[in-house]
Amino acid sequence: MNNFIRKFIALASLVLLAHAALAEPSAARIVKLVNPVQSTGIRIGDLMERTVVLEAPAPYQLSRSALPMKGSNRDGIELADLQIEKKDTSQATRYVVTLRYQVFGHASAPAVMTLPEEAFALTGGPQGLSLEIPAWRFWYSPLAVADITTAKGNLQPQLRPPVINAETHRTRLFGFLALLAVSALALAYYNADSRWLPFMNGPFAEAHRRIRRLPVKDDSSWKIALTALHEAFNRAHGRNLFAADIGAFVEKHPQFARARADIAAFFAQSGRALFSDPPQDADVFMKEMAAFSKQLRDCERGAA
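The sequence shown begins at 11 in our numbering and counts up by one.
These aren't lab readings, by the way, just hints derived from the structure by calculation.
Keep in mind it's a predicted model, so treat the numbers as computed, not measured.
Idealized CB from N, CA, C, for every residue including glycine.
Hints should not be assumed to be uniformly reliable.
Straight-line C-alpha distance at most 27 Å; calculated BS3-like pairs for lysine-lysine [unchecked claim]: (1) Lys80 / Lys42; (2) Lys297 / Lys233; (3) Lys262 / Lys227; (4) Lys96 / Lys80; (5) Lys96 / Lys42; (6) Lys227 / Lys297; (7) Lys304 / Lys262; (8) Lys97 / Lys80; (9) Lys304 / Lys233; (10) Lys227 / Lys304.
DEER-style ranges, computed between Cβ atoms [said to hold, decoys possible]: (11) Pro171 / Arg104: 32 to 40 Å; (12) Arg180 / Ser49: 51 to 59 Å; (13) Arg245 / Arg180: 15 to 23 Å; (14) Arg222 / Ile174: 50 to 58 Å; (15) Asn175 / Gly115: 48 to 56 Å; (16) Gln112 / Ala76: 21 to 29 Å.
All chains should be modelled from the sequences, with the hints used to inform the complete structure.
If you want it as structure tokens, here you go:
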């Protein structure tokens, strides 16, 4: 009998405890705490951030009046900013609190400093609740070492900047300048008509200059042009050059080999113009003579 009574009392106690547990709201808790990633090398003026996620059962709410005060300074650590995000559910209210601290402490040597412990009060229920986050330590690094007495004693000798080796660039520059000079001389040699340039006063160069200056509309210009070219051939050959001597002339002056057919055509055209069939269009004829004299000048210079 006594054993039955004891079992009944124990069972009743368990039922009462379960009922009390169901009637009492779930406890407030810290869901997540995120501390700064860097804990060393912190200097004056650096910002450090802590994020805490709180969960308060209904009907409890986070007391705004009991929050840490923005701008408060504790041991050289100032609360620069505080932000709160709130999300309600049917069973509880979740708060995301972001605390942003700025370091204003000073130490002449590396030292351990602390982000302060914070407490969050919850109100609105039958009794007051509080959640706390612990202090968080970090290493502070001073901007200057304490034993520096004078700047002069800590000056480092000045070093000359390393000299850039420009020899390769200098060689390339001189090479390009030489190439430019040679190209300019070659262009002048191939195209210039001036007498004073060296090797510019050959017989055909002189004939070409003379033909270019002749007036196109003058009836006697074509005769002067033919005469100038024949005189140039005679001077280059060393004696009078006739059509039958063209082969010997080309053998003696191989630079004219490419123009051999044109030279033969010129002698035939010259014979007709001077003795039987003068040109009908002097303008066209003079242009042909100017082009032919330029061709001979280029052959003379080896540029053809």
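Each hint, compared with the structure:
Distance hint between Lys80 and Lys42 is fulfilled; the C-alpha atoms sit about 22 Å from each other, no more than 27 Å. For the proposed pair Lys297 and Lys233, the alpha carbon gap of about 13 Å is at most 27 Å, so the pair holds. Restraint check: the Cα-Cα separation between Lys262 and Lys227 comes to about 37 Å, which exceeds 27 Å; the hinted pair is violated. A threshold of 27 Å between alpha carbons decides the hint, and for Lys96 with Lys80 the separation of about 19 Å falls inside it, so the pair holds.
Note on Lys96 and Lys42: the hinted pairing holds, with a Cα-Cα distance of about 15 Å set against a maximum of 27 Å. Using a Cα cut-off of 27 Å, the hinted pair Lys227 and Lys297 holds, with the two alpha carbons roughly 12 Å apart. For the suggested pair Lys304 and Lys262, the alpha carbons sit about 20 Å apart, so the restraint of at most 27 Å is met. With a C-alpha separation of about 22 Å, the suggested pair Lys97 and Lys80 falls inside the 27 Å cut-off, and the hint holds.
Among the hinted pairs, Lys304 with Lys233 is consistent with the structure: their alpha-carbon atoms are about 18 Å apart, no more than 27 Å. Pair hint Lys227 plus Lys304 holds up; C-alpha atoms about 20 Å apart against a cutoff of 27 Å. Range check, Pro171 to Arg104: Cβ separation about 60 Å, and the 32 to 40 Å hint is violated. A C-beta distance of roughly 54 Å is found between Arg180 and Ser49, which places it inside the suggested range of 51 to 59 Å.
As the Cβ distance of Arg245 to Arg180 is approximately 48 Å, the hint placing it in 15 to 23 Å is violated. The hint said 50 to 58 Å for the Cβ distance between Arg222 and Ile174, and at roughly 53 Å that hint holds. Range check, Asn175 to Gly115: Cβ separation about 50 Å, and the 48 to 56 Å hint holds. In this structure the supplied range 21 to 29 Å holds for Gln112 paired with Ala76, their Cβ-Cβ distance being about 22 Å.
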